[in-house]
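Chemist: Residue strings, one per chain:
2 protein chains.
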Amino acid sequence: MKLASLKHGRDGRLVVVTDDLTLMASVDDIAPTMQAALDDWPCVSPRLADRAAALSAGDNAQAMEFDPVACAAPLPRAYQWADGSVYLNHMELVRKARGAELPASFLTDALMYQGGSDIMLGARDDIEVIDEEWGIDLEAEIAIITDDVPMGIVPDGAAGHIKLVLLANDVSLRNLIPTELGKGFGFFQSKPATSFSPVVVTPDSLGDAWDGRKMHGAVDVTVNDQRLGNLEAGADMYFDFAQLISHAARTRHLGAGTIVGSGTVSNRDRSRGSGCLAENRTIETIETGTPKTPFLKFGDRVTIDMRDAAGASIFGGIDQKIMRYTPR
Amino acid sequence: MKLASLKHGRDGRLVVVTDDLTLMASVDDIAPTMQAALDDWPCVSPRLADRAAALSAGDNAQAMEFDPVACAAPLPRAYQWADGSVYLNHMELVRKARGAELPASFLTDALMYQGGSDIMLGARDDIEVIDEEWGIDLEAEIAIITDDVPMGIVPDGAAGHIKLVLLANDVSLRNLIPTELGKGFGFFQSKPATSFSPVVVTPDSLGDAWDGRKMHGAVDVTVNDQRLGNLEAGADMYFDFAQLISHAARTRHLGAGTIVGSGTVSNRDRSRGSGCLAENRTIETIETGTPKTPFLKFGDRVTIDMRDAAGASIFGGIDQKIMRYTPR
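If you read the protein sequences in the order shown, they are chains Z and H. Last residue of the first sequence: 327 (numbering that gives the first Met the number 0), numbering continuous. Last residue of the second sequence: 327 (numbering that gives the first Met the number 0), numbering continuous.
There could be a bad hint or two in this list.
If several chains are the same, the list does not tell them apart, and a pair holds so long as it fits within one copy or across any two.
Calculated cross-link-like contacts (lysine to aspartate or glutamate; reagent style DMTMM-like; alpha-carbon spacing at most 25 Å) [said to hold, decoys possible]:
| no. | residue 1 | residue 2 |
| --- | --- | --- |
| 1 | Lys6 | Asp125 |
| 2 | Lys95 | Glu231 |
| 3 | Lys291 | Asp219 |
| 4 | Lys320 | Asp224 |
I should point out that these hints are in silico values taken from the structure, not numbers from a laboratory. Being a predicted model, the structure only gives us computed values, none of them experimental.
Please model the complete structure; the sequences and the hints are all you need to start from.
Modeler: Structure (structure tokens):
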């Protein structure tokens, strides 16, 4: 089953979408919003699946054309965005560029930060930034959404709480990060609103691309129509989503609608490119002593997408422009 | 005007409460939840104020007895919990105990971390913790709730976005903090669910206790009925709430219902005591080389309250027990 939130009020309007992303159907009578569906997933999801099946079977009385441009983020505001960093290659490169080793604890204890979740961007929304000099970067990530997760759950139990899979663009302001992390309290200003794919997919609809704990397949990333990365999502994911959920739930329950991110997808095979500009700059620094790739400028366009074996977009694709925001 | 959320479903049920916290009235016909009220504050708040005024005037047809025990957190789940640390005395002590100076930047750039907000505890809810050895501590804080705040707002503009004032217990797991902060991504496991006072108050109902940007008056903190602190909230608050909101909104819009915290209230006058056990332990370390005050144990009780000149509780008081949680 595939779902999306149309732009509507603060929380969007939930719709079911055909697997080929061409048609959608209203589900107002089942659940008005994605959050409402997640709050009551055991009851609601079978009814949504029935509606999706009817739509796919040609019950076109309710069918409307699906347009990703009309979509908000699947959860336009969420109660939790817990973003991991589980592609060790990315972290190793960043440290290598500054002459440091990866701490041994990074192999046993997942990295995760608490992200802002009060305003999430739709897949086609502009990324508004006040100052180009802040070092605007994209980060191509896989993410999942959970139902209610009890405190202290182990990874084997956590896997069953993965209800939806999606893509994320964890927009980062690189030049604000050193000062902010130096203060010791983690990211705040350096992580503005995050963007998500138009469509979320239930694990059972992902076929072989989902192994129960992680996503497989190529993540295509472009900047101004140039390929930045064609990354294999499953290849170098050191901690899987079940482990990330268990990590997040170590000392507290997690509410339904918790979004958990993988961190920037990154492969050891450098021919696959990068999921963010910072990684390119890091490789350039290691190889030549100086970063060459610029960060994003106003007007630049970034895309993140995954396609199935037939070349069709699975999640509808993220496609955003960087725009200047002027405070009033 | 004073408001509370009765325990009901995931988001509570909004009620207005008399200033003396004895009576409450239903506002189901105006706004079902605190979040719904904040989403439409300019329209909703005058109607809530009318209901509160009628209740205070003796319109007892709708009046019910108010009981803080029946209260959830004002926002039982919130879209944002942005917690500052603006009592420099607290930070200076922590650093002094380990022989470090306060960085000069701390005087110009507020400290703030992104807290988990998917599950908030009511003022009388138990604090469930799996392991006593994690170093369970309370943190007595003042907090405010905003409406929608635009990106890049300056402090003078931010002050007008403070819609509600409340108390917080920012529960911390001290023994998990060094490892977690050492990883560089800020707090996650070391900050379990936060607790809030039963009642929120509009700034105009706080009289002289609210100066437009910060709270004044004594915060009483006890552990097992022993006084831990009787702290003056306004005395040593280095950054005020307008500055904290401006800090949080530097690179992004803030959604209605954003909760902003002050960090542990802390006074330079040591006769006022402490707002958390860690500060006592820090002072003991500075004075004797060894911390003596233990962290909280299962069964321990903590209270946080502020009283007006007549001795009446302003926010209804936080009163919680630490309880062991055993994962299933």
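Chemist: Go through the copies and call it for Lys95 and Glu231: within, between, both or neither, with a Cα cutoff of 25 Å.
Modeler: Result: close within a single copy only, 22 Å intra versus 48 Å inter.
Chemist: Between copies, within a copy, both or neither: which fits Lys291 and Asp219 at Cα up to 25 Å?
Modeler: Within one copy, since 22 Å is at most 25 Å while 56 Å is not.
Chemist: For the identical chains here, do Lys6 and Asp125 meet the 25 Å Cα criterion within one copy, between copies, both, or neither?
Modeler: Within. Shortest intra-copy distance 14 Å satisfies the 25 Å Cα cut-off; inter-copy 39 Å does not.
Chemist: As a check of your reading, is Lys320 near Asp224 (CA-CA no more than 25 Å) within one copy, between copies, both or neither?
Modeler: Classified as within; 12 Å inside a copy, 57 Å across copies.
Against the hints set out earlier in the document, no violation occurs for any number.
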